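Peer 1: Just so you know, the sequences run in chain order A and B.
Letter by letter, the first sequence follows residues 1 to 504 of our numbering.
Letter by letter, the second sequence follows residues 1001 to 1146 of our numbering.
Bear in mind the hints are in silico, worked out from the structure with no lab data behind them.
No experiment lies behind these values; they were computed from the predicted model shown.
Ideal placement from N, C-alpha and C gives every residue a C-beta, glycine not left out.
It cannot be assumed that every hint is accurate.
Derived pair list, reagent style DSSO-like, types lysine-lysine, alpha-carbon separation capped at 27 Å [claimed, not checked]: (1) K285(A) x K430(A); (2) K1059(B) x K496(A); (3) K496(A) x K105(A); (4) K285(A) x K246(A); (5) K286(A) x K105(A); (6) K1070(B) x K430(A); (7) K296(A) x K430(A); (8) K1059(B) x K430(A); (9) K1112(B) x K384(A); (10) K1112(B) x K227(A); (11) K1059(B) x K1112(B); (12) K105(A) x K296(A); (13) K227(A) x K250(A); (14) K1114(B) x K384(A); (15) K227(A) x K1114(B); (16) K139(A) x K105(A); (17) K242(A) x K450(A); (18) K246(A) x K1059(B); (19) K139(A) x K430(A); (20) K246(A) x K450(A); (21) K286(A) x K430(A).
Some but not every residue of chain A turned toward chain B, in silico, with C-beta under 7 Å [what the hints assert, rightly or not]: (22) L55; (23) G56; (24) A176; (25) R240; (26) F365; (27) K391; (28) V419.
Below, each chain spelled out in residue letters.
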Amino acid sequence: METINLLMQGFAVALTPESIMFAIIGSILGTLIGALPGLGPANGVAILIPLAFSLGLSPTSSLILLTSVYAGAMYGGRISSILLNIPGDEPAMMTCLDGYPMALKGKAAEALAISAIASFIGSLIATIGLVILAPILAKFALKFGPAEYFALFALAFATLGGITGKNQFKTLMAAALGLMIASVGIDISSGVQRYTFNTLELFEGVDFIIAIVGLFAISELLFFIEKHAGDGMKKVAVNRLKLTMKDVIKVLPSSIRGALLGFVAGVLPGAGASLGSFVSYTLEKKIVGTNGDFGKGDPRGVAAPEAGNNGAASGALVPMLTLGVPGSGTTAVLLAMLISLNVTPGPMLFQQNADLVWGVIAALFVGNLVLLLLNIPMVGIFVKLLSIPPKYLMPIVTLVASVGIYSVSHSALDLYFMVAFGVVGYILRKVDIPLVPVILGMLLGPEMEKSLRHALVLSDGDWGALFNSGLSIGLWVVAILGLVLPVIIGPIVRSKMRQAKTSD
Amino acid sequence: MRLNDRVFGILMLILAFGYGWEATQFPEPFGGGESVGPETFPIILSFLLGISAVYLILKPDPDEAWPASKMLLELSAVALAILVFAWAIEPIGFIPAAIMIVSYLCWRMGAKPKNCLLTGTISSVVMFLIFNNMLELALPLGLLEF
């Protein structure tokens, strides 16, 4: 009951004209960004963060705007998958399998509509799951002491490589680099300068918004120039929509199954949307069996993975909001936003900032409705956008990102840093070092160090204190499993994803 | 060849040493040292980085191809162009600086010069108007200030 009341209060926040406006703007921008091949939700949110920041939006408004961008980008990803057979990001890959064949059969509009409906169902069910699960997890997390938190942070890094990460040591390395960047600046507990080399600009540490935009947006630009320079897109024509109620009912069970699986995959640390869409698709194929036409344009093959990846997107918000531990790259970026706004995610958030949390959750409901209403009639506009060649769009996207950074502090120095991070990001991606752990390290570093020192001070320097409670031992065990299991399961899942992609 | 990971691993190993050594040089905090000081966490990190660097040197993954030197030059030029843009915003003004960077990037991505200039001009002016008039975030006018 308490939850329902809080949610109602949340709707009071989310249904103000201002919030609805931000939800609509975010949804549109997110869909646009998601629809562009190569740009996924993490990029989208990264590009818009500085903008939200320099506008001085309140935490609630910024978060509503950015979660709508997140949800929108997950929706938009399907457009390039279906029409161009180019997934915007990894989770959208499974949608290509049946979406593109449907488009080739002249059923592009139906595929787009079905995927929009499935996305809606996926997000809706997962948001309901978030409402139920998040407060329970938050209450549980209140039992955490510093030692448990330290173990939890370790767990976040251990599971981050996840199923799709290739080399666990590279994930570890990336996390270490991020944590090292976080240690730059004046140490809060002792006042000692660390790694500042007496440079005034470094006293407050490295701003992670600049790092995020550099690592994601600028490195993406460099990759784009290297790989795609100049090529336009061959586009499949979109027919007039002929969707009957019967078609919708046919894909309903697939969407619901996909949504539930996706949600679970999203909540589990490190699993994320890629696994969500993959598992949903494979299960659907098993359930339907030989009655289906999978791989050749079965609508259920579009609905299941779309519901799965959108379900996972909302599911990933559960650990992010309740524990302060993001389950995916995009939620890591959202976490950066929150920390910059002086809002510390974690169990206390549900008590201290109840308005904010429930406002955002309610805004997710609103945003999804907006997205559904927007996506069915307006899909033509998004499709048109895809016909603008990236050689014009990428430079403009770069400009938007840079202006956002510049507006935060009006300093060219920040832009120099942004470019430096862009180059570093390019090099890291070239040697296959994942970027998300770097960001996460920068974000969680200060808190992680604080809980370590706190725990050790309490125990008078006895390191055994880190493994003293059943809870912390449990977390360490899960962390170790998270580090080891993907080494075994990862190659299997990845090779299956690749098989599914090439056998059609 | 598995050179990428080896070279990167060696660089990271050097970084781990440098970072860890620097941590041992931190001055003792005011009021005396504690069992866990400002250097404890960095030292753990330098070990973490060191171990993963050694692993990369011993068991490198297959290389991803680096672009040819011509493309590397190209990418450096792009990075340099953004730096010039960053420098130019204030003295020259946002609009000319943005026209330059957008046109340059479009051109390097293979668009025709006329279209580049058009895209650059339209996007710069539109962005300037949005930022200055709608969002009230002042972008410098620079040379156009009269």
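Peer 1: All hints are to be evaluated individually against the structure, with a verdict given for each.
Peer 2: Results of checking the hints against the structure:
A distance of roughly 35 Å separates the Cα atoms of K285(A) and K430(A); the hinted pair therefore is violated under the 27 Å criterion. Only pairs whose Cα atoms come within 27 Å are accepted, and K1059(B) paired with K496(A) is accepted, the gap being roughly 25 Å. Restraint check for K496(A) and K105(A): the C-alpha separation of about 26 Å stays at or below 27 Å, so the hint holds. Distance hint between K285(A) and K246(A) is fulfilled; the C-alpha atoms sit about 20 Å from each other, no more than 27 Å.
Between K286(A) and K105(A) the CA atoms are separated by roughly 24 Å; this keeps the pair inside 27 Å, and the hint holds. A hinted pair counts as satisfied when its Cα atoms are at most 27 Å apart, and K1070(B) with K430(A) qualifies at roughly 17 Å. As the CA atoms of K296(A) and K430(A) are separated by approximately 35 Å, the hinted pair breaks the 27 Å bound. The hinted pair formed by K1059(B) and K430(A) meets the criterion: a straight-line CA distance of about 17 Å does not exceed 27 Å.
About 21 Å separates the Cα atoms of K1112(B) and K384(A), which keeps this hinted pair within 27 Å; it holds. Annotation: proposed proximity of K1112(B) to K227(A) holds, straight-line Cα distance about 19 Å (limit 27 Å). Taking the CA atoms of K1059(B) and K1112(B), the gap is near 46 Å; set against the 27 Å cutoff, the hint is violated. A distance of roughly 9 Å separates the Cα atoms of K105(A) and K296(A); the hinted pair therefore holds under the 27 Å criterion.
Restraint check for K227(A) and K250(A): not satisfied, since their Cα atoms lie roughly 40 Å apart, outside the 27 Å limit. For the suggested pair K1114(B) and K384(A), the alpha carbons sit about 22 Å apart, so the restraint of at most 27 Å is met. This hinted pair checks out: K227(A) and K1114(B) have alpha carbons roughly 23 Å apart, not beyond 27 Å. Under the criterion of a C-alpha separation no larger than 27 Å, the hint pairing K139(A) with K105(A) is inconsistent with the structure, at around 51 Å.
Proximity of K242(A) to K450(A) is assessed by CA-CA distance (about 58 Å); at most 27 Å being required, the pair is judged violated. Only pairs whose Cα atoms come within 27 Å are accepted, and K246(A) paired with K1059(B) is rejected, the gap being roughly 55 Å. For the given pair, K139(A) sits about 42 Å from K430(A) by alpha-carbon distance, which is inconsistent with the 27 Å threshold. With a C-alpha separation of about 57 Å, the suggested pair K246(A) and K450(A) falls outside the 27 Å cut-off, and the hint is violated.
For a cut-off of 27 Å, the pair hint linking K286(A) to K430(A) is broken: about 37 Å separates their Cα positions. Annotation: L55(A) was flagged as interfacial toward chain B, and the flag holds, the nearest CB pair being 6 Å apart, inside 7 Å. At a threshold of 7 Å, the smallest CB-CB gap from G56(A) to chain B is about 9 Å, leaving the interface hint violated. The interface hint given for A176(A) holds, since its Cβ lies 4 Å from the closest Cβ of chain B, which is under the 7 Å cut-off.
Residue-level restraint check for R240(A) is violated (minimum Cβ-Cβ distance to chain B is 32 Å; threshold 7 Å). Taken as an interface hint, F365(A) does not check out: its beta carbon lies about 28 Å from the nearest beta carbon of chain B, beyond 7 Å. Given hint, K391(A) at the interface with chain B, holds; its Cβ is 4 Å from that chain's nearest Cβ, closer than 7 Å. Interface restraint check for V419(A): the shortest CB-CB distance to chain B comes to about 5 Å, inside 7 Å, so the restraint holds.
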